[in-house]
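Engineer: Sequence:
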Amino acid sequence: MSSISTFRRLNALSLFQAFAEERITAGDPPKGLEAAWAARVEVSGATWSMAKSGSRPIGDKLARQIEQHCGKEAGWLDEEREPAGLSAGEQQFLTLALKTYRGTNSDGRKRLKQFLKAFGG
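Sequential numbering from 780 applies to the sequence shown in the numbering used here.
Keep in mind that the hints were calculated from the coordinates and are not lab data.
The structure presented is a predicted model; accordingly, all values stated were derived computationally and were not measured.
C-beta atoms are modelled at their ideal positions from N, C-alpha and C, and glycine is treated no differently.
Watch out, some of these pointers could steer you wrong.
Taking lysine-lysine and the DSBU-like style, the derived pairs with C-alpha atoms no more than 35 Å apart in a straight line are [as the list claims (entries may be wrong)]:
1. Lys896 <-> Lys831
2. Lys878 <-> Lys896
3. Lys831 <-> Lys851
4. Lys892 <-> Lys810
5. Lys831 <-> Lys892
6. Lys896 <-> Lys840
7. Lys831 <-> Lys878
8. Lys878 <-> Lys889
9. Lys878 <-> Lys892
10. Lys851 <-> Lys840
11. Lys851 <-> Lys810
12. Lys831 <-> Lys810
13. Lys810 <-> Lys840
14. Lys878 <-> Lys810
If you anchor each label on the Cβ, the simulated ranges turn out as follows [claimed, not checked]:
15. Ser823 <-> Asp886: 48 to 54 Å
16. Lys878 <-> Gly811: 30 to 36 Å
17. Phe898 <-> Gly811: 25 to 31 Å
18. Asp807 <-> Glu861: 23 to 29 Å
Could you put together the complete structure from these sequences and hints?
Structural biologist: Quick look at the structure:
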């Protein structure tokens with residue numbers, strides 16, 4: 780996958796994450812957020828699913844469409860961006876991992892590190 784394809788996918792995922800967090804904060808249930816996002820950017824659910832997973836690259840037309848519907852200037856998706864911070868799910872994972880790490884002995888910490896290394900490849 781080329782750099783621009785990677786940037787577009789990661790940036791689109793970031794926009795989706797912000798949309799989802801905003802909707803959940805407003806009281807919307809998580810179920811249906813993918814479809815709501817697809818409707819917002821005027822694509823089918825299948826198109827968004829393929830773009831999100833990386834099985835379909837985000838081409839120029841779709842990139843400009845997403846930017847337009849999200850109030851971003853043309854080309855915004857094409858640029859590498861620093862992560863905006865931890866999502867709620869990432870923060871929960873890190874909190875759990877830290878609690879587990881601190882709550883065990885050196886052998887348990889070693890096993891936890893080995894598991895994470897094996898899981899992450």
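Engineer: Please work out if Lys896 and Lys831 have their alpha carbons no farther apart than 35 Å.
Structural biologist: Satisfied, since the Cα-Cα distance of roughly 25 Å is no more than 35 Å.
Engineer: With a cut-off of 35 Å on the C-alpha distance, tell me whether Lys892 and Lys810 pass.
Structural biologist: holds (33 Å)
Engineer: Take the C-alpha atoms of Lys878 and Lys892, compute the straight-line distance between them, and say whether it is at most 35 Å.
Structural biologist: holds (14 Å)
Engineer: Checking one constraint from the list: CA of Lys831 to CA of Lys810, max 35 Å. Satisfied?
Structural biologist: holds (17 Å)
Engineer: Do the alpha carbons of Lys831 and Lys892 lie within 35 Å of each other, as the hint requires?
Structural biologist: holds (29 Å)
Engineer: Regarding the pair Lys878 and Lys896, is the alpha-carbon distance no greater than 35 Å?
Structural biologist: holds (18 Å)
Engineer: Can you let me know if the beta-carbon spacing of Ser823 and Asp886 is within 48 to 54 Å?
Structural biologist: holds (51 Å)
Engineer: Do the Cβ positions of Lys878 and Gly811 conform to the proposed distance bound of 30 to 36 Å?
Structural biologist: holds (32 Å)
Engineer: Would the hint linking Lys851 and Lys810 be met if the CA-CA limit is 35 Å?
Structural biologist: Measuring from Cα to Cα gives roughly 26 Å; hence the hint holds.
Engineer: Quickly compare the C-alpha distance for Lys851 and Lys840 to 35 Å and report which way the hint goes.
Structural biologist: Status holds; Cα separation ~14 Å.
Engineer: Are the Cα atoms of Lys896 and Lys840 separated by 35 Å or less?
Structural biologist: violated (39 Å)
Engineer: Checking one constraint from the list: CA of Lys810 to CA of Lys840, max 35 Å. Satisfied?
Structural biologist: With Cα atoms ~28 Å apart, Lys810 and Lys840 stay inside 35 Å; holds.
In terms of the numbered hints stated before, the structure departs from hint 6 and from no other.
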